[in-house]
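Peer 1: Chains as they are written, first to last, in the working numbering: chain A, 65 to 457; chain B, 174 to 267.
It is worth saying that the hints were derived from the structure and are not from the lab.
Don't take every hint at face value.
[Said to hold, decoys possible] The following residues of chain B were derived to be distant from chain A, with all beta-carbon distances above 12 Å: (1) E197; (2) Y205; (3) H251; (4) R262.
[Unchecked claim] Which bits of chain A does chain B cover? Going by a derived footprint, with three or more residues having C-beta under 8 Å, they are: (5) 107 to 117; (6) 129 to 142; (7) 291 to 304; (8) 309 to 322.
Beta carbons: idealized from backbone N, C-alpha and C, even for Gly.
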Amino acid sequence: MAPEAQRIVYFDNAATSWPKPPQVREAIIGYLEQVGGSPGRSGHRMSIAASRLVGDARDAVAHLFNVDDPSRIAFTKNSTEALNIALLGWLESGDHVITSSIEHNSVMRPLRFLEQQGIIELTVVSCSPTTGYLDPDDVRDALRPNTRLVVVLHASNVIGNLLPLREIGAVAHSAGAPLLVDASQTAGAYPIDVQALEIDMLAFTGHKSLLGPTGTGGLYVREGLDLRPLARGGTGSRSELEYMPDFMPDKFEAGTLNVIGLAGLGAGVQFLLDLGMAQVRQHERALISRFLVGAARLPGVKVYGPADPDERIGVLSFNIQGVSTSKIGLILDQGFGIMTRIGLHCAPAAHRTLGTYPDGTVRFGFSYFNTLDEVDYALVALAEIIEEEEHGR
Amino acid sequence: MADELGVLDGLVTFYASHHAVRAEKVLAKGGYRVMLVPGPREISPNCGVALQFEYTHIERVRELLAQNKVQIEAIHKHRVEVTEDRLNRMRGGG
Numbered sequence: 065m066a067p068e069a070q071r072i073v074y075f076d077n078a079a080t081s082w083p084k085p086p087q088v089r090e091a092i093i094g095y096l097e098q099v100g101g102s103p104g105r106s107g108h109r110m111s112i113a114a115s116r117l118v119g120d121a122r123d124a125v126a127h128l129f130n131v132d133d134p135s136r137i138a139f140t141k142n143s144t145e146a147l148n149i150a151l152l153g154w155l156e157s158g159d160h161v162i163t164s165s166i167e168h169n170s171v172m173r174p175l176r177f178l179e180q181q182g183i184i185e186l187t188v189v190s191c192s193p194t195t196g197y198l199d200p201d202d203v204r205d206a207l208r209p210n211t212r213l214v215v216v217l218h219a220s221n222v223i224g225n226l227l228p229l230r231e232i233g234a235v236a237h238s239a240g241a242p243l244l245v246d247a248s249q250t251a252g253a254y255p256i257d258v259q260a261l262e263i264d265m266l267a268f269t270g271h272k273s274l275l276g277p278t279g280t281g282g283l284y285v286r287e288g289l290d291l292r293p294l295a296r297g298g299t300g301s302r303s304e305l306e307y308m309p310d311f312m313p314d315k316f317e318a319g320t321l322n323v324i325g326l327a328g329l330g331a332g333v334q335f336l337l338d339l340g341m342a343q344v345r346q347h348e349r350a351l352i353s354r355f356l357v358g359a360a361r362l363p364g365v366k367v368y369g370p371a372d373p374d375e376r377i378g379v380l381s382f383n384i385q386g387v388s389t390s391k392i393g394l395i396l397d398q399g400f401g402i403m404t405r406i407g408l409h410c411a412p413a414a415h416r417t418l419g420t421y422p423d424g425t426v427r428f429g430f431s432y433f434n435t436l437d438e439v440d441y442a443l444v445a446l447a448e449i450i451e452e453e454e455h456g457r
Numbered sequence: 174m175a176d177e178l179g180v181l182d183g184l185v186t187f188y189a190s191h192h193a194v195r196a197e198k199v200l201a202k203g204g205y206r207v208m209l210v211p212g213p214r215e216i217s218p219n220c221g222v223a224l225q226f227e228y229t230h231i232e233r234v235r236e237l238l239a240q241n242k243v244q245i246e247a248i249h250k251h252r253v254e255v256t257e258d259r260l261n262r263m264r265g266g267g
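All chains, full assembly: derive it from the sequences and hints.
Peer 2: Here it is, written out as structure tokens:
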């Protein structure tokens, strides 16, 4: 049944991106072969070279997000760690937090933990069950005198819809609360300007659309916001003190950094800067349009989220009537070589919002390296699955 | 090498290596001759890396670093005392 069974089409970029640009591989090998050294720990040339690698990665990320002062970006192992630093480092006993009903567990679990411990009050504002839209007016209605944080994702890892960050931030700021954004799905896929969007804290991961390796990520904290670190330890700075330094980025970077990973991340981000985010977005938008138009012609296929490609990123969830997600995922992999992710995508709240809990959805996650031809091939595969199901009945 | 060290008689110390490598980048881009060296313990116990520059440019260097939000600990008139002659003697085992 499977044409071109040996072909590999990687549509699981929302989990982790593949392939990476060749520059990423070269940077990683370059660290191993030519740099070595521990950054910020010693004054010899190999240690300094490692510091430069980390500095270049930080500068590149700062440039991408329009951050004036790169020291306001601390590197972490992923978004999850960055979000935990932000949530556990900012919130205090008695604080009220507002979040959306489509958050990933990387936000929901730390918040539910803090709520369960009696530390915070939590309001989960419902998003639209069809588009995932979070209405800023609903956020305003949820404000309380003790609201001290609004935390939302930039785009859903299930539905792919973009949230109106500027408007949500304005509501948060009207109450004196900062806006924390989980940019796991948008960093490197969609333009982000922390100054224009007035984002106070931004958590990002390195291994998705930023095209770096796993084990990289970071947290931007705007000047003037003071958080407690999650971990304390050696930083190479203020070594005479037995207390953690209070300046960024060292404050949040206890222990030796993932220099080899950051070498790769720096190269991935530089690749995006050289291309320009407008071009990356334009290509992904073309892939999204192609899929939406093609899927609309397939009987029994329901694609979730906004119909307008401008309101979404290249993360597309769908179901085929009468066929389980696990069966679709298996046939796409085994029969067609198409890698997807099925199920709940670590975001049960989002699936409850959509009404797809507990079965979940099939998710395509596009990257800059996917092609229109691959989208067409996947549409043919879905058509064959539907046809085969009908014959089988 | 001996000549360069001879004129690089200014020393910037930092609290963190992040700022040391940023300073190097910013000043090199600005056309200044700079060199990262191990931070002299007698001057500062902080970051392990310090930056040498030509002390005559101190005002402009200070300005450029501030403009680019590079945080420094202090600026000293100081030269890391390893001359090329001495290095050559050591290399030669003599």
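Peer 1: Determine for every hint whether it applies to the structure shown.
Peer 2: Now the hints, each set against the structure:
no.: 1; hint: E197; in the structure: 8 Å, violated
no.: 2; hint: Y205; in the structure: 17 Å, holds
no.: 3; hint: H251; in the structure: 14 Å, holds
no.: 4; hint: R262; in the structure: 21 Å, holds
no.: 5; hint: 107 to 117; in the structure: holds (count 6)
no.: 6; hint: 129 to 142; in the structure: holds (count 4)
no.: 7; hint: 291 to 304; in the structure: holds (count 6)
no.: 8; hint: 309 to 322; in the structure: holds (count 4)
Going through the hint list in order, the structure does not satisfy hint 1, though it satisfies all others.
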